[in-house]
Amino acid sequence: MRATLASAALARYAGRFVWLELDFDKPVNEAFIKGHGVTFTPTVLVLDPADERATAAKLGGLTLSEVGQFLERGEHGVKERASKPADAALARADEMMGSGRLTDAGAAYREALRLAGPDWPERNQGVASLTKALAMTRDSQGCAETAAAAAVTMPRGPAFATTVLNGYGCAGAGGATPWAEAARKTLEPLAIEALGVSTVSRDNHFQLLQQLMYGAMSRGDSTQVSRWGERWLSEIDAIAPADDDERSALDIARVDAARLMNEPARVIPALIASERAMPTNYNASMRLAEMAAEAERYDEALEACERALAHVTGPTARCWILETKANALVGKGDPAAARKVLEEALESARTIGNERTRDRQVRQLTRAIAETGNKL
Amino acid sequence: MNRLVNSLVQFALLCALAWPVLGAAPGHPHLVPYQHRSTRTGDVGPTAARSGLSIINDDYQRARAEANKRKLPLFVEVWAPW
Numbered sequence: 000m001r002a003t004l005a006s007a008a009l010a011r012y013a014g015r016f017v018w019l020e021l022d023f024d025k026p027v028n029e030a031f032i033k034g035h036g037v038t039f040t041p042t043v044l045v046l047d048p049a050d051e052r053a054t055a056a057k058l059g060g061l062t063l064s065e066v067g068q069f070l071e072r073g074e075h076g077v078k079e080r081a082s083k084p085a086d087a088a089l090a091r092a093d094e095m096m097g098s099g100r101l102t103d104a105g106a107a108y109r110e111a112l113r114l115a116g117p118d119w120p121e122r123n124q125g126v127a128s129l130t131k132a133l134a135m136t137r138d139s140q141g142c143a144e145t146a147a148a149a150a151v152t153m154p155r156g157p158a159f160a161t162t163v164l165n166g167y168g169c170a171g172a173g174g175a176t177p178w179a180e181a182a183r184k185t186l187e188p189l190a191i192e193a194l195g196v197s198t199v200s201r202d203n204h205f206q207l208l209q210q211l212m213y214g215a216m217s218r219g220d221s222t223q224v225s226r227w228g229e230r231w232l233s234e235i236d237a238i239a240p241a242d243d244d245e246r247s248a249l250d251i252a253r254v255d256a257a258r259l260m261n262e263p264a265r266v267i268p269a270l271i272a273s274e275r276a277m278p279t280n281y282n283a284s285m286r287l288a289e290m291a292a293e294a295e296r297y298d299e300a301l302e303a304c305e306r307a308l309a310h311v312t313g314p315t316a317r318c319w320i321l322e323t324k325a326n327a328l329v330g331k332g333d334p335a336a337a338r339k340v341l342e343e344a345l346e347s348a349r350t351i352g353n354e355r356t357r358d359r360q361v362r363q364l365t366r367a368i369a370e371t372g373n374k375l
Numbered sequence: 000m001n002r003l004v005n006s007l008v009q010f011a012l013l014c015a016l017a018w019p020v021l022g023a024a025p026g027h028p029h030l031v032p033y034q035h036r037s038t039r040t041g042d043v044g045p046t047a048a049r050s051g052l053s054i055i056n057d058d059y060q061r062a063r064a065e066a067n068k069r070k071l072p073l074f075v076e077v078w079a080p081w
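Residue numbers (numbering that gives the first Met the number 0), protein chains in the order written: chain A, 0 to 375; chain B, 0 to 81.
Be aware that a few hints might be false.
[To be verified] List of simulated lysine-lysine pairs, DSSO-like, C-alpha gap at most 30 Å:
hint, chain 1, residue 1, chain 2, residue 2
1, A, 83, A, 25
2, A, 374, B, 70
3, B, 70, A, 78
4, A, 374, A, 339
5, B, 70, A, 339
6, B, 68, A, 374
7, B, 68, A, 25
8, B, 68, A, 33
[Said to hold, decoys possible] Have a look at the derived ranges for each label pair, beta carbon to beta carbon:
hint, chain 1, residue 1, chain 2, residue 2, range
9, A, 34, B, 70, 18 to 24 Å
10, A, 268, B, 54, 33 to 39 Å
11, B, 57, A, 346, 21 to 27 Å
12, A, 264, B, 60, 45 to 51 Å
Note that these hints are calculated values from the structure, not bench results. Backbone N, C-alpha and C fix where the C-beta goes; we use that ideal spot for every residue, glycine too.
Same shape as in the complex, but just chain A:
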């Protein structure tokens, strides 16, 4: 999103909004994150500052063309209330999405689509938002079936790709159930088609590749997993990052692809290069540590963990680095040291601002400490 916001094409909006970025992992932002029910990054909102009502809400990144439409909708919603029934329902849905009431938001998106005519300009984005709300509330069947029914006839653009991505991912979560298999049969070819749509955001493009890899893995098709992985890594390697944010994001994708291919060592040279390019960025060291640990190069992993810990900025990431460090220590055959590191991670986890993340991390670490203790 930062690169999107830097685009000169958005200059005409500069004086029409106040612009705010909030780091999910900084305790200072917890009141906002809790108050607006944010559980997903990135979450993008337009708020009426008078009453903090969301007039546009999106869970996930936006392409440049989508940002323009999003801003226009949000600005319009601050100036005046929607009068047409479908638009009013959409406004309610966005308001609920922006306050974390995701089940209600899903119902309101459905209502908006029901009320709107077939040529409603917000229809495609409404379908995409509906599938996201259903995915977020774990209604995998509703999400997959909605996407499968709608995506076939949607124009091939960003909303189509988002809908397919959400639906295909939900179909994957459904395992071998008949509804999931039926949805995958419809959505997998559409996911492959979406890879060729040039207006789709890079994030969604990468996520489609990732979901296709998961799909192939679930069938035990290692050849296809490898093909998608090779394509993904090739695409990543072809991109020259414009700045550190982009370099970090590409490294995240690189690690994901390598992990799904079960070839962690393969991306270590690129991650070393990233760390050299961003010596004070903990993300670079953290990714290198993860891959080195998975490649069973434990000493390299431990050294990278120390470099990451020297620069980490938030408790959540600190927990993850310590978990990787503990993992490397277990790999080296030192469960006692690993347990101490996990206890340190647990202390850090207890300071995480976001309640859901904190509770999950504390549970996970408590279990890990107990299991590591059994190895002593």
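Go by the hints and put chain B onto chain A.
Just chain B, lined up with the frame of chain A:
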């Protein structure tokens, strides 16, 4: 050995049925799909061209006060650094 890095890849291979659910909260990079990471990628081309947006970081009250004072909508992006 109890690997703490118990990736979903291994889980999916073992189960050969389902793959990770989309829509979880931000979580450990080992345990969540790509979707839940920061998406601060440069998906619109070079960032040399600047939009001129003046972005406030990590200060909601200041941003809201400024938006109220200037009678402007408030754009908010909640992002994750990982």
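Restraint status (C-alpha distance of residue 68 of chain B to residue 25 of chain A at most 30 Å):
Roughly 26 Å separates the two Cα atoms, so the pair holds.
Lying within 21 to 27 Å: is that true of the beta-carbon distance residue 57 of chain B to residue 346 of chain A?
Between residue 57 of chain B and residue 346 of chain A, where Cβ atoms are some 24 Å apart, the hint holds.
Quick check on a hinted range of 18 to 24 Å for residue 34 of chain A and residue 70 of chain B, using CB atoms only.
This hint holds: roughly 22 Å between Cβ atoms.
Starting from residue 374 of chain A, check that the Cα of residue 70 of chain B is at most 30 Å away, please.
61 Å, violated
Starting from residue 70 of chain B, check that the Cα of residue 339 of chain A is at most 30 Å away, please.
53 Å, violated
Go ahead and decide if the range 33 to 39 Å is satisfied by the Cβ distance of residue 268 of chain A to residue 54 of chain B.
Hint holds: Cβ distance 34 Å, inside 33 to 39 Å.
Assess, step by step, whether the Cα of residue 374 of chain A is no farther than 30 Å from the Cα of residue 339 of chain A, and give holds or violated.
With Cα atoms ~13 Å apart, residue 374 of chain A and residue 339 of chain A stay inside 30 Å; holds.
Compare the distance between the alpha carbons of residue 83 of chain A and residue 25 of chain A with 30 Å, and conclude whether the hinted pair is satisfied.
40 Å, violated
Would the pair residue 68 of chain B and residue 374 of chain A pass a check requiring their Cα atoms to be no farther apart than 30 Å?
Measuring from Cα to Cα gives roughly 60 Å; hence the hint is violated.
With the threshold set at 30 Å, check whether the alpha-carbon distance from residue 68 of chain B to residue 33 of chain A stays at or below it.
25 Å, holds
Measuring from beta carbon to beta carbon, are residue 264 of chain A and residue 60 of chain B in 45 to 51 Å?
47 Å, holds
When you check the alpha-carbon spacing of residue 70 of chain B and residue 78 of chain A, does it fall within 30 Å?
Satisfied, since the Cα-Cα distance of roughly 10 Å is no more than 30 Å.
In this structure, the hints that do not hold are numbers 1, 2, 5, 6, in rising order.
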